Amino acid sequence: MRGSRRFAWTLAAPSLIGLVLVSVVPIVFMARTAFQKFSPNPRVPPRWAGLDNFWALLDDPQFLGAISVTGILLVVCLTLQLSIGFALAWALYHIKRGRAVVISLLLIPTAIAPLIAGIVWWMLFNTRFGAVNAVLGGALGIEPIQWTITMPYALIAIIVATVWQTVPFVAVILLGGLTTIPEEVLDASKVDGASRWRELRYIVLPLLKPFFLVSSLFMVIDLLRLYELPQFLTTGGPGNETVVTGMYLFKLGFTFFDLGRASMMSLLYVIVLTCIGLLFVRLMRQSTP
Amino acid sequence: MTSISDVRRPTGVRARPTSFLFRLKTCWPWLILLPFLVFALFPVYWIILTAFRPRSDIFQSPVDLLPTNLTLDNIRYVWFGSEANAPVVNFLGTSLIIGVVATVFALLLGVTCAYAVGRFRIGGSFLPAFILSFRYVPPIALIVPFWMLFRALGLLDTYTGLILIYGLFSIPLIFWLLLGYVEAAPRDLEEAAYVDGASHWKAMIHIALPVLAPGIAIAAVFTFIGIWNEFVLAYQLAGNKVATITVYLPRLRTAIAELYGEIAAASLLAVLPGIFFAAIMQRFLVRGLAFGGLK
Amino acid sequence: MSSIEFRNIRKSFGAVEALGGIDLEIPDGAFCVFLGPSGCGKTTLMRVLAGLEMQTSGDVVVAGAVVNEATPSERGVGMVFQSYALYPHMNVRENLRFPLKMSDQTKDVSDRRIDEVARILQVEHLLDRRPSQLSGGQKQRVAIGRTIALDRSVFLFDEPLSNLDADLRVEMRLELQRLHKRLKSTMVYVTHDQIEAMALADMIVIMRGGVIEQVGTPDALYSTPDNLFVATFLGSPKMNVLKATVVEASGGSARFRLSSGDEITVRRDVRTRAGQEVSLCIRPEDLSVAPDDIALPLDVEMTEFLGPNGYAYGTSGADKLTIQLVRRNGRFDLPQGKVHASTDAIHIFGEDGTRLVDRVHAPKGEVA
Chain A
47 MRGSRRFAWT
57 LAAPSLIGLV
67 LVSVVPIVFM
77 ARTAFQKFSP
87 NPRVPPRWAG
97 LDNFWALLDD
107 PQFLGAISVT
117 GILLVVCLTL
127 QLSIGFALAW
137 ALYHIKRGRA
147 VVISLLLIPT
157 AIAPLIAGIV
167 WWMLFNTRFG
177 AVNAVLGGAL
187 GIEPIQWTIT
197 MPYALIAIIV
207 ATVWQTVPFV
217 AVILLGGLTT
227 IPEEVLDASK
237 VDGASRWREL
247 RYIVLPLLKP
257 FFLVSSLFMV
267 IDLLRLYELP
277 QFLTTGGPGN
287 ETVVTGMYLF
297 KLGFTFFDLG
307 RASMMSLLYV
317 IVLTCIGLLF
327 VRLMRQSTP
Chain B
-1 MTSISDVRRP
9 TGVRARPTSF
19 LFRLKTCWPW
29 LILLPFLVFA
39 LFPVYWIILT
49 AFRPRSDIFQ
59 SPVDLLPTNL
69 TLDNIRYVWF
79 GSEANAPVVN
89 FLGTSLIIGV
99 VATVFALLLG
109 VTCAYAVGRF
119 RIGGSFLPAF
129 ILSFRYVPPI
139 ALIVPFWMLF
149 RALGLLDTYT
159 GLILIYGLFS
169 IPLIFWLLLG
179 YVEAAPRDLE
189 EAAYVDGASH
199 WKAMIHIALP
209 VLAPGIAIAA
219 VFTFIGIWNE
229 FVLAYQLAGN
239 KVATITVYLP
249 RLRTAIAELY
259 GEIAAASLLA
269 VLPGIFFAAI
279 MQRFLVRGLA
289 FGGLK
Chain C
62 MSSIEFRNIR
72 KSFGAVEALG
82 GIDLEIPDGA
92 FCVFLGPSGC
102 GKTTLMRVLA
112 GLEMQTSGDV
122 VVAGAVVNEA
132 TPSERGVGMV
142 FQSYALYPHM
152 NVRENLRFPL
162 KMSDQTKDVS
172 DRRIDEVARI
182 LQVEHLLDRR
192 PSQLSGGQKQ
202 RVAIGRTIAL
212 DRSVFLFDEP
222 LSNLDADLRV
232 EMRLELQRLH
242 KRLKSTMVYV
252 THDQIEAMAL
262 ADMIVIMRGG
272 VIEQVGTPDA
282 LYSTPDNLFV
292 ATFLGSPKMN
302 VLKATVVEAS
312 GGSARFRLSS
322 GDEITVRRDV
332 RTRAGQEVSL
342 CIRPEDLSVA
352 PDDIALPLDV
362 EMTEFLGPNG
372 YAYGTSGADK
382 LTIQLVRRNG
392 RFDLPQGKVH
402 ASTDAIHIFG
412 EDGTRLVDRV
422 HAPKGEVA
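Those protein sequences? They're chains A, B and C, same order as listed. Take any residue in the first sequence, note its place counting from 1, add 46, and you have its number in our numbering. Position 258 (the second sequence) corresponds to 256 in our numbering; numbering is contiguous. Take any residue in the third sequence, note its place counting from 1, add 61, and you have its number in our numbering.
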């Protein structure tokens, strides 16, 4: 119909302008301040500093520490999320009655604010008054563990809380993927003599590849921008050993007020996230036939 | 030439175990689901219980599955406020206002944008990918420049500032969710409306949007919950005059005594909308996630 | 020996009984067709045989052994699905290899077997393609190929031709017959299409509502249907059904009043008595314009001339009646008010649908 394109662009324009405003403008701004040196005194104007901020970050042990902590979390959590998530999805796939109820219940942790999850698990992991130590002590007779102030327990606590909050989401995506496999294909594999395990390995998992990729993408991005949960669970403790990149960014910008280095770190964040996004898009294109 | 007799026959019928083992084999999914359900729901159960237990009980026996000694003290503490904090209702209200307004704002922009792109295919294949790519940049990566910009523009600690930024950041998610629905809805109805003389606007408002209602509902729920639960922006870009429920909660932790019960009570109030929507929306969630999952 | 036996098989899905007490024997090497309308239980029965569904009670016996809790491959059963069910992420070669891999054949044997199967089904040129790149007929062949890759005792086909075009269907029907001759195995075939059933079957099992209505060769079922349902299910155009009331029945004859008011006499021993409501059935091709034992009134409404033969459609009293038209001296004989049939051609069924009169010249009904 006449005027369709004009109508469509009119509709889309506000969103596009808004998105550009809210993303591109800050990024450009940040790209400039990343190369500046700010003094704590707001009256002193910032100086041009070239790549100084970048090298400063690389020399900064806290920065490197944050990266390694985040890296460990990434690998461990992603593995747990995908494997437990798949186990749950596979189990859900095989039940008919009660599936809806179970999914609703499983999704409750995902609806809770990460901040609240952090605080609640902080209470649960408390050395003296926490439910975790109470259960471990009562059921297994284990001595109370000082979760939030010793390594590696602090890291384990973060992993437990993160997995608690994210696995159901992965399970739901993978369950959706399982429902796209035609039942007759699974029947055919049984008729062809495949045992349960072989059916999983040769038929189900290969066909789920795109869904594993999608969930991984979501999980990786979420893990990279982890902030509230570790902040309120361990506050980076003991010392700085559970500071993740998000937390360090905050510290740089609003505790140390080193806006220059914080901007540089933000810039790196954006670059890394964009690359990961592109990588996944390419992987997705390859795996769907 | 291979004859079929070269191919080993698959094993014939073996003696089979009794039906009992057979029955056990059919209930294995529950052996996987139940432990995780307990793991998933125990903290929630704990919050609910702790919110209603007196302080002394909480610290004497952290895990009491069926406590009999219940109290409303914790709820009263947060509800009516204390010297340290205003009543929780204030913060709930702030979150509600910001959440609703930002969601409506985001829906207005996002739904129309999804409709424009999905129906009229503007911008080729580049535009949808472009819009979706904004999802990869989370607020936390941009918090530093945002803070500086807000400071310069005088938007710090204002409703307007938060609503603007929440609204705009929610657009990609809404676009992503709704695109599938728009493409799946048949054009026939709108084309019939055009033939009847309707303008683009009328056709969209009276025909297309009602059809898209379920998708809009899901998008609204997801967006609202996301804003309700958000902390980083609410804390850094506001937090004094404009304080949401997420900003309020950590304050209960810096008090002198361990306010477990009170924290639990406040948390309970803060998680109610999320749980409520998760419970009733699960049907759409499974379908909707698989729907948009592959884009 | 790969005969099949169902002993009192029942299957319920919750409150719904899909199969109610099925007893059936299928001899080794037979091509057996389960035929019936949708929902009759034929696919359920096949899946119970395959081992994809577990029956609620009763035994399934394959080659003399009770296989109730055996997996499909342990039963020696192969199956071709309605949607072909090819593995979408594997190419044709890997699809054909899969059953061989699952029973741990060596690579050499597998490779040679794949080539042989591909040759038999003429899909050699497709071995490197993916299922999404195949046409319906090609997918059909690959599905059959995958089934015969292993030496199985029984082959099952679940409405395999229903997704194909008409000409492809005829071609594949012949392929299946050739396959049966070549492999000489027992084959069980599910369809709702009676023409397919008549063309392919050594024995047909007609089902309705979860029970078996009748078992027999196509010819036996066609000429000697046991009940009204079977009589009207087979045959196209359908068997004519005339409602009538018994005036009297004794000795070797019975008299009926038709809905048109006319009365006819059937000189046979009919198991009924005066006052009963019956259904008199005659096939359109058993009616003739030329005079014969029994005369029926016919008001012709429409005629169709279809080349070698034709049909005249009309009413006889309150019932519909169709007669097949034949040429005499190059021209069609049209009925003038009355059509005729021989006594032997009439089927009579009671109110409950059961057969009331035996055929004089019953064709061979036993399965070889």
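Hints were generated in silico from the structure; no laboratory data involved. Some hints could be false.
[Stated by the list, open to error] Derived pair list, reagent style DSS-like, types lysine-lysine, alpha-carbon separation capped at 27 Å: (1) A:Lys236 <-> C:Lys381; (2) B:Lys23 <-> A:Lys297; (3) C:Lys399 <-> C:Lys299; (4) C:Lys304 <-> C:Lys162; (5) B:Lys239 <-> A:Lys142; (6) C:Lys245 <-> C:Lys304; (7) A:Lys142 <-> A:Lys297; (8) C:Lys162 <-> C:Lys245; (9) A:Lys255 <-> A:Lys236; (10) C:Lys381 <-> C:Lys299; (11) C:Lys168 <-> B:Lys23; (12) A:Lys255 <-> C:Lys162; (13) A:Lys236 <-> A:Lys142; (14) C:Lys381 <-> C:Lys399; (15) A:Lys236 <-> C:Lys245; (16) A:Lys236 <-> B:Lys239; (17) A:Lys236 <-> C:Lys299; (18) A:Lys83 <-> A:Lys297.
[Stated by the list, open to error] Some chain A residues well away from chain B (every beta-carbon gap over 12 Å; in silico): (19) Pro60; (20) Leu104; (21) Gly184; (22) Val206; (23) Glu230; (24) Glu274.
Remember, predicted model here, so these are calculated numbers, not experimental data. Note that the Cβ used here is the ideal one computed from N, Cα and C, for glycine as well.
To see whether the hints hold, each was checked on the structure:
1. Proximity of Lys236 (chain A) to Lys381 (chain C) is assessed by CA-CA distance (about 49 Å); at most 27 Å being required, the pair is judged violated.
2. For the proposed pair Lys23 (chain B) and Lys297 (chain A), the alpha carbon gap of about 53 Å is over 27 Å, so the pair is violated.
3. For the given pair, Lys399 (chain C) sits about 20 Å from Lys299 (chain C) by alpha-carbon distance, which is consistent with the 27 Å threshold.
4. This hinted pair does not check out: Lys304 (chain C) and Lys162 (chain C) have alpha carbons roughly 60 Å apart, beyond 27 Å.
5. For the suggested pair Lys239 (chain B) and Lys142 (chain A), the alpha carbons sit about 50 Å apart, so the restraint of at most 27 Å is broken.
6. Between Lys245 (chain C) and Lys304 (chain C) the alpha-carbon distance is near 45 Å, which puts this suggested pair outside the 27 Å criterion.
7. Only pairs whose Cα atoms come within 27 Å are accepted, and Lys142 (chain A) paired with Lys297 (chain A) is rejected, the gap being roughly 49 Å.
8. A threshold of 27 Å between alpha carbons decides the hint, and for Lys162 (chain C) with Lys245 (chain C) the separation of about 25 Å falls inside it, so the pair holds.
9. With a CA separation close to 21 Å, the supplied pair Lys255 (chain A) and Lys236 (chain A) stays within the 27 Å bound.
10. Taking the CA atoms of Lys381 (chain C) and Lys299 (chain C), the gap is about 11 Å. The hint holds against a cut of 27 Å.
11. The suggested pairing of Lys168 (chain C) with Lys23 (chain B) is violated, with an alpha-carbon distance near 33 Å, which exceeds 27 Å.
12. As the CA atoms of Lys255 (chain A) and Lys162 (chain C) are separated by approximately 22 Å, the hinted pair is consistent with the 27 Å bound.
13. Proximity of Lys236 (chain A) to Lys142 (chain A) is assessed by CA-CA distance (about 20 Å); at most 27 Å being required, the pair is judged to hold.
14. Simply put, Lys381 (chain C) and Lys399 (chain C) have alpha-carbon atoms about 14 Å apart, close enough for the 27 Å limit, and the pair holds.
15. A C-alpha spacing of about 24 Å is found between Lys236 (chain A) and Lys245 (chain C), which places the hinted pair at or below 27 Å, so the restraint holds.
16. Distance hint between Lys236 (chain A) and Lys239 (chain B) is unfulfilled; the C-alpha atoms sit about 64 Å from each other, more than 27 Å.
17. For the proposed pair Lys236 (chain A) and Lys299 (chain C), the alpha carbon gap of about 40 Å is over 27 Å, so the pair is violated.
18. Restraint check for Lys83 (chain A) and Lys297 (chain A): the C-alpha separation of about 16 Å stays at or below 27 Å, so the hint holds.
19. Remark: the non-interface label on Pro60 (chain A) conflicts with the geometry, its nearest Cβ contact in chain B lying 5 Å away (cut-off 12 Å).
20. Consistency note on Leu104 (chain A): stated as away from chain B, and its beta-carbon is indeed over 12 Å from all of that chain's, at 19 Å minimum.
21. Not every C-beta of chain B lies more than 12 Å from that of Gly184 (chain A), the closest at about 7 Å, which undercuts listing it as non-interface.
22. Listed as a non-interface residue, Val206 (chain A) fails to keep its Cβ farther than 12 Å from every Cβ of chain B; the least gap is roughly 9 Å.
23. Taking the minimum C-beta to C-beta distance to chain B, about 19 Å, the non-interface status of Glu230 (chain A) holds against the 12 Å cut.
24. With a least CB separation of 5 Å from chain B, Glu274 (chain A) falls inside the 12 Å interface cut-off, contrary to its annotation.
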